[in-house]
Amino acid sequence: NAGVTQTPKFRVLKTGQSMTLLCAQDMNHEYMYWYRQDPGMGLRLIHYSVGEGTTAKGEVPDGYNVSRLKKQNFLLGLESAAPSQTSVYFCASSSIRALVFSYEQYFGPGTRLTVT
Amino acid sequence: SQQGEEDPQALSIQEGENATMNCSYKTSINNLQWYRQNSGRGLVHLILIRSNEREKHSGRLRVTLDTSKKSSSLLITASRAADTASYFCATDAEGGSEKLVFGKGMKLTVNP
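Protein chains in written order, with the working numbering: chain V, 933 to 1048; chain Y, 692 to 803.
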């Protein structure tokens, strides 16, 4: 049981290049999330998904796209990378805990992206 | 926008001492969660407290919640060097509990 995995761990892009970050979870969770973490800013939600084939915008969605074609995978795409997208990206997944109506999230190890 | 704000932003203590971190939030919540993040790693869920609970314990962790003051505190007793990490509180986002809103985090350093 690997939990939440992210690929790649590190990446350096030039401005204008594109890339896709892959998140995979093996816990059969319905919900998946992409966050970015910047110094002094905490975690900010980029996009999330409440089920296969569905996506929704979070707090900072501009410049990113996502897809959830399979329940276990959630892809984050940068079509034209900008230096402002230099950050550490975290994927998370959750499943509702019905008794407490909460969504305890399980995080991947992160992807450190640098855009030059 | 941040819902939770941790206080203090950084805390340095000696091993064996207790560490208290506070979190304030702005809107009504269903529950509040605390997470830990070791350097270079993802966040790990520590404990959850429901809005109708006032106190909860898990091992050396004690969490309190005061919904009238919109605040929570996380107490780590008998701290260890391994507790050195950043700690985040997270609350339900307005309009939907499937989303969490995280505070900016608090850096705890436990010196051996």
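In case anyone wonders, no lab produced these hints; they're calculated from the structure. Check each hint, because a few of them may be wrong.
To be verified - Only pairs whose alpha carbons sit at most 20 angstroms apart, straight line, appear in this in silico SDA-like list of lysine to any residue: (1) Y:Lys-795 with V:Lys-1002; (2) V:Lys-989 with Y:Gln-728; (3) V:Lys-989 with Y:Lys-798; (4) V:Lys-941 with Y:Val-735; (5) Y:Lys-717 with V:Val-944; (6) Y:Lys-795 with V:Phe-942; (7) Y:Lys-795 with V:Lys-1003; (8) V:Lys-1002 with V:Ala-956; (9) Y:Lys-795 with V:Gly-972; (10) V:Lys-1003 with Y:Glu-789; (11) Y:Lys-798 with V:Met-973; (12) Y:Lys-747 with V:Ser-1016; (13) Y:Lys-717 with V:Val-1020; (14) V:Lys-941 with Y:Ser-730; (15) Y:Lys-795 with V:Tyr-1038; (16) Y:Lys-795 with V:Gln-969; (17) V:Lys-941 with Y:Lys-747; (18) Y:Lys-795 with V:Ala-956; (19) Y:Lys-798 with V:Pro-971; (20) Y:Lys-795 with V:Asp-970; (21) Y:Lys-795 with V:Val-1020; (22) Y:Lys-795 with V:Arg-1044; (23) V:Lys-941 with Y:Arg-732; (24) Y:Lys-798 with V:Val-1020; (25) Y:Lys-795 with V:Gln-1017; (26) Y:Lys-798 with V:Glu-991; (27) Y:Lys-717 with V:Glu-991.
Claimed, not checked - A few chain V residues that face chain Y, going by a derived Cβ cut-off under 7 angstroms, partial list only: (28) Gly-995; (29) Tyr-996; (30) Leu-1045.
To be verified - Computed footprint of chain Y on chain V, listed as stretches where at least three residues anywhere in the stretch have a Cβ under 8 angstroms from a Cβ of chain Y: (31) 977–990; (32) 1035–1043.
Glycine included, every Cβ here is placed at the ideal spot set by N, Cα and C.
Results of checking the hints against the structure:
Proposed proximity of Lys-795 (chain Y) and Lys-1002 (chain V) is contradicted: the alpha carbons are some 32 angstroms apart, above 20 angstroms. The suggested pairing of Lys-989 (chain V) with Gln-728 (chain Y) is violated, with an alpha-carbon distance near 25 angstroms, which exceeds 20 angstroms. With a CA separation close to 29 angstroms, the supplied pair Lys-989 (chain V) and Lys-798 (chain Y) exceeds the 20 angstroms bound. Taking the CA atoms of Lys-941 (chain V) and Val-735 (chain Y), the gap is about 18 angstroms. The hint holds against a cut of 20 angstroms.
This hinted pair does not check out: Lys-717 (chain Y) and Val-944 (chain V) have alpha carbons roughly 38 angstroms apart, beyond 20 angstroms. Restraint check: the Cα-Cα separation between Lys-795 (chain Y) and Phe-942 (chain V) comes to about 23 angstroms, which exceeds 20 angstroms; the hinted pair is violated. In summary, the hint linking Lys-795 (chain Y) to Lys-1003 (chain V) is not supported, as the alpha carbons are separated by about 30 angstroms, beyond the 20 angstroms threshold. Distance restraint check for Lys-1002 (chain V) and Ala-956 (chain V): the Cα-Cα separation of roughly 10 angstroms lies within the 20 angstroms cut-off, and the hinted pair is therefore satisfied.
Of the pairs offered as hints, the one joining Lys-795 (chain Y) and Gly-972 (chain V) holds, with about 6 angstroms between alpha carbons and a cut-off of 20 angstroms not exceeded. In summary, the hint linking Lys-1003 (chain V) to Glu-789 (chain Y) is supported, as the alpha carbons are separated by about 16 angstroms, within the 20 angstroms threshold. Of the pairs offered as hints, the one joining Lys-798 (chain Y) and Met-973 (chain V) holds, with about 13 angstroms between alpha carbons and a cut-off of 20 angstroms not exceeded. At roughly 40 angstroms between alpha-carbon atoms, Lys-747 (chain Y) and Ser-1016 (chain V) are farther apart than 20 angstroms, so this suggested pair is violated.
For the proposed pair Lys-717 (chain Y) and Val-1020 (chain V), the alpha carbon gap of about 27 angstroms is over 20 angstroms, so the pair is violated. Restraint check: the Cα-Cα separation between Lys-941 (chain V) and Ser-730 (chain Y) comes to about 15 angstroms, which is no more than 20 angstroms; the hinted pair holds. For the given pair, Lys-795 (chain Y) sits about 18 angstroms from Tyr-1038 (chain V) by alpha-carbon distance, which is consistent with the 20 angstroms threshold. This hinted pair checks out: Lys-795 (chain Y) and Gln-969 (chain V) have alpha carbons roughly 9 angstroms apart, not beyond 20 angstroms.
Note on Lys-941 (chain V) and Lys-747 (chain Y): the hinted pairing is violated, with a Cα-Cα distance of about 36 angstroms set against a maximum of 20 angstroms. For the given pair, Lys-795 (chain Y) sits about 26 angstroms from Ala-956 (chain V) by alpha-carbon distance, which is inconsistent with the 20 angstroms threshold. With a CA separation close to 12 angstroms, the supplied pair Lys-798 (chain Y) and Pro-971 (chain V) stays within the 20 angstroms bound. Between Lys-795 (chain Y) and Asp-970 (chain V), the direct Cα distance comes to roughly 9 angstroms. Compliance with the 20 angstroms bound is thereby established for this hinted pair.
Proximity of Lys-795 (chain Y) to Val-1020 (chain V) is assessed by CA-CA distance (about 14 angstroms); at most 20 angstroms being required, the pair is judged to hold. Proximity of Lys-795 (chain Y) to Arg-1044 (chain V) is assessed by CA-CA distance (about 18 angstroms); at most 20 angstroms being required, the pair is judged to hold. The suggested pairing of Lys-941 (chain V) with Arg-732 (chain Y) holds, with an alpha-carbon distance near 11 angstroms, which does not exceed 20 angstroms. For the hint linking Lys-798 (chain Y) to Val-1020 (chain V), the alpha-carbon distance of about 17 angstroms falls within 20 angstroms, and the restraint holds.
At most 20 angstroms may separate the alpha-carbon atoms for a hinted pair to count; Lys-795 (chain Y) and Gln-1017 (chain V) meet this at roughly 18 angstroms. Distance restraint check for Lys-798 (chain Y) and Glu-991 (chain V): the Cα-Cα separation of roughly 24 angstroms exceeds the 20 angstroms cut-off, and the hinted pair is therefore not satisfied. With a C-alpha separation of about 17 angstroms, the suggested pair Lys-717 (chain Y) and Glu-991 (chain V) falls inside the 20 angstroms cut-off, and the hint holds. About 19 angstroms separates the beta-carbon of Gly-995 (chain V) from the nearest beta-carbon of chain Y, more than 7 angstroms, and the hint is not met.
Proximity of Tyr-996 (chain V) to chain Y is violated relative to the hint, the smallest CB-CB distance being about 16 angstroms (cut-off 7 angstroms). A hinted interface residue such as Leu-1045 (chain V) counts as satisfied when its beta carbon comes closer than 7 angstroms to some beta carbon of chain Y; here the least separation is about 14 angstroms, so the hint is violated. Only when three residues or more bring their CB closer than 8 angstroms to a CB of chain Y does the claim for the segment 977–990 of chain V stand; here the count is 4, and the claim holds. Under the rule that three or more residues need a Cβ within less than 8 angstroms of chain Y, the assignment of the segment 1035–1043 of chain V holds, with 8 such residues.
Going through the hint list in order, the structure does not satisfy hints 1, 2, 3, 5, 6, 7, 12, 13, 17, 18, 26, 28, 29 and 30.
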